[in-house]
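Below, each chain spelled out in residue letters.
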Amino acid sequence: MSRRRGKVCKQRKLNIRTLTLEYKRSKRKVINEYNYMDVTLDFGEELGYRGIPVDSSMFVNIIENSLKLLFGEVGASIVFDVVKYREKNRRAILRFYERDLVKLWSSLTMCSEVGGKVCAFRVNKVSQSMADESLRYFQ
Amino acid sequence: MVRVKQRYFLVEIIPSVSQRPLLGELHSSVNERSILRSVRESVEEIHGDFGVGATQAGFTIKMFNSKTSVFVLRVRRGPHVLVASALSFVRKIGIMSLTLKTLHLSGTIRSCLKFLQQYDRQQLIHVLRHHQLSQDQKEKIHESMLKSEQKISGETELREEY
Chain A
1 MSRRRGKVCK QRKLNIRTLT LEYKRSKRKV INEYNYMDVT LDFGEELGYR GIPVDSSMFV
61 NIIENSLKLL FGEVGASIVF DVVKYREKNR RAILRFYERD LVKLWSSLTM CSEVGGKVCA
121 FRVNKVSQSM ADESLRYFQ
Chain B
1 MVRVKQRYFL VEIIPSVSQR PLLGELHSSV NERSILRSVR ESVEEIHGDF GVGATQAGFT
61 IKMFNSKTSV FVLRVRRGPH VLVASALSFV RKIGIMSLTL KTLHLSGTIR SCLKFLQQYD
121 RQQLIHVLRH HQLSQDQKEK IHESMLKSEQ KISGETELRE EY
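Read top to bottom, the protein sequences are chains A and B.
Numbering-wise (full-length UniProt numbering), the first sequence opens with residue 1 and increments by one.
Numbering-wise (full-length UniProt numbering), the second sequence opens with residue 1 and increments by one.
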C-alpha cells in the first residue's frame, strides 16, 4: 500500500448537452489534514420514487452503520463530521481525515438501502478546503 | 504470473485460567474447523466484510497439534496484517474460552516448524521444572530423550560415512 503524493480532488458534473456524467479531476501537491466531501443521499426522486425523511442524526447514523458493516470496528472508529446538512435535499458536507477517504467513500458506495427503501449516495465533490464547496445548496 | 506469497502464523492456544488443564489436552470441540471459524468471526468483527473478503482466499490451518495446543495458520501476504490484528481478539473456540498467543510469523512453513522445535525444547524444560513427576515418568522421559539424541547423532554418523 503505497502513499499517494498529491491529493486528488474530484468534481461531478452533468453535461446537459450529451447527458453524460463527467468528473473533473485536479491534483494538488499540498496535502491538507482534512478533506471535505459534498454528498447527497438519493432515493431516486427525479425518477419518481418516494424517499423517507432523514434528519441530521439519522444521516450520521446511516454513514456510521455502513462504515461498520464494511470495515468493522476499524471502520466504526473513523471520525467524520457533518459540517452542513440540508434535510430538503438530503445533501451534506462531510469533513474527515484524508487518510480515511478511501474507506469512507467505499462504504458510502456500498450503502444501498435505508429504512427499507433503495437509495444511493451521490458524491458531488471531494476537495481539500471548505472554500471549494459551493454553499448555495445549503442556504 | 507473479508468485503468490503466503504468511504462516505460528499460534499457541492458551486456555483461560479457570479451564486450564494440567498438562492436559484441549477440549474436543477445538479442531481445525472451529479454529478457522472463530478467527474468521474475529476478522469480521474487527475488519468487517472487507476483512473477511480479503482474507478468506488461502485461509487454512496447515498444522494443528492438540497435545501442545499449537497451530499453523496460513494467510495470503497482503491481508495477513488484518488477521494479525484480529487474532488477539479471539476469545472463544468451540466451548473453550481462551486467548491466542502468536509465537512466530514467517513466509514458509519450514521456518515456522524450525522455530517450533526450539520453542518446544524450551517448553519442555519449563514443564519438567514445574510439574511433580513420579520416578516412573522421569525414567520414561529420560529414555525418550536419549533415544532422540541417539537418533540425531546416528544421522550425523551416517552423513560422515558418506
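Be a bit skeptical, because a hint or two may be false.
Unchecked claim - From the structure, some residues in chain A lie toward chain B, with a derived Cβ separation under 7 Å:
(1) 59
(2) 60
(3) 72
(4) 73
(5) 75
(6) 78
To be verified - What follows is a set of in silico ranges between Cβ atoms, one per label pair, in the way DEER data are often shown:
(7) 56/B to 14/A: 57 to 65 Å
(8) 25/A to 3/B: 57 to 65 Å
(9) 138/A to 62/B: 54 to 62 Å
As the list claims (entries may be wrong) - Dumping the calculated BS3-like pairs for lysine-lysine here, alpha-carbon to alpha-carbon at most 30 Å:
(10) 92/B to 68/A
(11) 68/A to 125/A
(12) 68/A to 88/A
(13) 103/A to 88/A
(14) 114/B to 103/A
(15) 68/A to 114/B
(16) 88/A to 24/A
(17) 84/A to 13/A
(18) 114/B to 101/B
No lab work stands behind these hints: they were computed from the structure.
These numbers come from a predicted model, not from an experiment.
All C-beta atoms in this analysis are idealised placements derived from N, C-alpha and C, irrespective of residue type, glycine included.
Do the hints match the structure? See the list:
Here the hint on residue 59/A is broken, as its CB sits about 21 Å from the closest CB of chain B, past 7 Å. For residue 60/A, the interface hint is violated, the least distance from its beta-carbon to any beta-carbon of chain B being 18 Å, above 7 Å. Residue-level restraint check for residue 72/A holds (minimum Cβ-Cβ distance to chain B is 3 Å; threshold 7 Å). This hint holds: residue 73/A has a C-beta 5 Å from the nearest C-beta of chain B, less than the 7 Å allowed.
Here the hint on residue 75/A is kept, as its CB sits about 6 Å from the closest CB of chain B, short of 7 Å. With a least beta-carbon distance of about 11 Å to chain B, the hint placing residue 78/A at the interface is violated under the 7 Å criterion. Taking 57 to 65 Å as the suggested C-beta distance range, the pair residue 56/B and residue 14/A does not conform, at roughly 39 Å. Distance hint for residue 25/A and residue 3/B: a CB-CB separation of about 35 Å, inconsistent with the stated range 57 to 65 Å.
Distance hint for residue 138/A and residue 62/B: a CB-CB separation of about 56 Å, consistent with the stated range 54 to 62 Å. Between residue 92/B and residue 68/A the CA atoms are separated by roughly 22 Å; this keeps the pair inside 30 Å, and the hint holds. This hinted pair checks out: residue 68/A and residue 125/A have alpha carbons roughly 23 Å apart, not beyond 30 Å. For the hint linking residue 68/A to residue 88/A, the alpha-carbon distance of about 26 Å falls within 30 Å, and the restraint holds.
Proximity of residue 103/A to residue 88/A is assessed by CA-CA distance (about 27 Å); at most 30 Å being required, the pair is judged to hold. In summary, the hint linking residue 114/B to residue 103/A is not supported, as the alpha carbons are separated by about 39 Å, beyond the 30 Å threshold. Between residue 68/A and residue 114/B the alpha-carbon distance is near 40 Å, which puts this suggested pair outside the 30 Å criterion. Restraint check for residue 88/A and residue 24/A: the C-alpha separation of about 26 Å stays at or below 30 Å, so the hint holds.
A hinted pair counts as satisfied when its Cα atoms are at most 30 Å apart, and residue 84/A with residue 13/A qualifies at roughly 21 Å. Of the pairs offered as hints, the one joining residue 114/B and residue 101/B holds, with about 18 Å between alpha carbons and a cut-off of 30 Å not exceeded.
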